[in-house]
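Participant: Residue strings, one per chain:
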Amino acid sequence: MPLIDLVQESVVRIPLVSTDKPGVLRELIQILKDAGEIEDYDAVLEAIRQREEKLSTGLEGGIAVPHGKSAAVSTLKLALGIAPEGIDFASIDGEPSKLFFLLVAPPNQSGPHVEALAEIVKLAQSKAFCRALTEAKDAREVVNLIKGE
Amino acid sequence: MSTPKKILVYVDGTEPSITAAQYAICLASFYKADLIALYVVNTKAMEDLLKARIFLQDEQMEYEHDMEADAQRYLNYVNELALKKGISILPRSSRGSVHKEIVDLVNEEDVDLLVIGELARIRSRRDEFYDEAERAMRMVACSVLIAKNEDKVWEMYESLV
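Going down the list, the protein sequences come from chains G and R.
One point on numbering: in my numbering, the residue at position 39 of the first sequence is 39, and numbering is uninterrupted.
One point on numbering: in my numbering, the residue at position 7 of the second sequence is 1007, and numbering is uninterrupted.
Next comes chain G alone, as it looks inside the complex (with noise of 0.2 Å):
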């Protein structure tokens, strides 16, 4: 599934209001509950907190990729967050992250799970467009500048 088909304005907050890891998925679940998208907010915040304990999913280059699986979603699920001034996200390079893309998939959807995060690594290759993302003035210009417009 194209990463387009599941960013929506709903979905993204310019900028975060966190200032912690923790407050920061708890944001992001906060956001796809608001949205509509989830019912069950513990059971993601559960999902995605197991994965992270494993190994953060802060990468290189300030972006950060929260995931996990739970059945508490029928389809794949995206928050995103931006943080233009940087949140320690125990990221690899221990640089501050500032790009959040949060993903909750169904157990048995791990087809378009695995392509929605390919798809950010393909992205988070251009410095340039996560640059653009960092600066955009609101979700609209997040969600225009993600459909490439």
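No lab work stands behind these hints, which were simulated from the structure alone.
The reader is advised that the hints may include incorrect statements.
As the list claims (entries may be wrong) - Quick list of simulated restraints, FRET-style, between CB atoms:
{"id": "1", "chain 1": "R", "residue 1": "Arg1138", "chain 2": "G", "residue 2": "Ala35", "range": "30 to 36 Å"}
{"id": "2", "chain 1": "G", "residue 1": "Gly23", "chain 2": "R", "residue 2": "Arg1073", "range": "35 to 41 Å"}
{"id": "3", "chain 1": "G", "residue 1": "Pro84", "chain 2": "R", "residue 2": "Lys1084", "range": "52 to 58 Å"}
From the three backbone atoms N, C-alpha and C, an ideal C-beta is built for every residue, glycine too.
Following the hints, position chain R against chain G.
Facilitator: Same frame as chain G, now just chain R:
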């Protein structure tokens, strides 16, 4: 004019790909053609995720295992759809880069027609580089049919005796 003798439908478990399978079953029935259904476990994407450190080794194995199970489940489902209409399908599951696996199978089996599901309606400029079905469509040597309008295809499939 010769008619297709061997049809390949690419199935990835999405609704559009199931619609494509129904259309392909109808075509195989009309033309008395052989029908192959292909599901590709995208191990290339998983390797990329491992390299990017998004996946842990055990996580990669877990997802790969899940996707193998998905492959079996979706191919079984398509096989059932075909059997209901008296058509036999050759189910094929492979691993690797999706568009390459499709192109390779088209060549290997001398496929006359590739059937794929509808591409996403909202497109970005990036998608043409990343959408595996679209890449396959551009690269295969045979003709390609994109199945659209699931309601009409369903009617056609249901009317098949």
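Participant: Are the hints correct? Go through all of them and say.
Facilitator: Hints and how they fare:
At about 35 Å, the beta-carbon gap between R/Arg1138 and G/Ala35 stays in the expected band of 30 to 36 Å. Hint check: G/Gly23 to R/Arg1073, Cβ distance near 38 Å, so the stated range 35 to 41 Å holds. Between G/Pro84 and R/Lys1084 the beta carbon distance is about 56 Å. The supplied range of 52 to 58 Å therefore holds.
Checked against the numbered hints given earlier, the structure satisfies every one of them.
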